[in-house]
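Trainee: Reminder that position 120 of the sequence shown reads as 155 in the working numbering, one-by-one numbering, no gaps.
Simulated from the structure, these hints should not be mistaken for laboratory data. This structure is a prediction, so every number in the text was calculated from the model and none was measured. Ideal placement from N, C-alpha and C gives every residue a C-beta, glycine not left out. Hints may be right or wrong, so weigh each one.
If you anchor each label on the Cβ, the simulated ranges turn out as follows [to be verified]:
hint	residue 1	residue 2	range
1	Glu80	Pro114	29 to 35 Å
2	Gly100	Ala186	18 to 24 Å
3	Ser145	Pro85	24 to 30 Å
4	Ser71	Ile41	56 to 62 Å
5	Ser71	Val162	33 to 39 Å
6	Asp158	Glu80	29 to 35 Å
7	Arg159	Leu196	25 to 31 Å
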Amino acid sequence: MTLRIISVGLLYTMLAACASSGTYPDLAIRDAERVSGTMQPPAAEPYIPPPPPAEIVDRIAQLRGEAAAAHERFLSLAPQVQRIVAANSSARTGSDGWTDAQVALANMASHRSSTMVFLADLDRIYVDAAVNAEQLNRIDSVREEVIAMVAAEDKIIDSLLARLN
């Protein structure tokens, strides 16, 4: 048993002799490990959206023409409706004259709806082009024209309604 204790003690002594001196390297970042300088990302090129397909351009031109034709039909109807409203502006609500003026205004509003249908088609094309990241300039300019037509029609109808009431 004593031999065993002496062997274990001798083994520990030999192992201790193999150990390092006890000074360990510093764990701080060394100069060679430091990053110097800065890296700039490359400048992004601006996105240039592609033009809409040719069939869309043709459809936009067609809708513009149809909206202009509907607007012209509305404007050609306006003098007749203005005469009817002027003739019945003092009519009592529910009278025959008042009813005639209301029917004429309803007919005019129906013609306004024709222009609105073309505006709705242009809106759909505009949204589709925006979703597909296509150029919107051409579509937007035609949309603005048709919006101006509808606004003019609204103004005429509103002024006639104000005269009737």
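Trainee: Give a verdict on every hint.
Mentor: Structure-based check of each hint:
Between Glu80 and Pro114 the Cβ separation comes to about 56 Å, which falls outside the hinted range of 29 to 35 Å. The beta-carbon spacing between Gly100 and Ala186, approximately 19 Å, falls within the hinted interval of 18 to 24 Å. At roughly 39 Å, the beta-carbon separation of Ser145 and Pro85 lies outside the given 24 to 30 Å, and the hint is violated. Taking the beta carbon of each, Ser71 and Ile41 are about 59 Å apart, inside 56 to 62 Å as hinted.
A C-beta distance of roughly 51 Å is found between Ser71 and Val162, which places it outside the suggested range of 33 to 39 Å. Separated by about 31 Å at the C-beta atoms, Asp158 and Glu80 satisfy the suggested range of 29 to 35 Å. As the Cβ distance of Arg159 to Leu196 is approximately 30 Å, the hint placing it in 25 to 31 Å holds.
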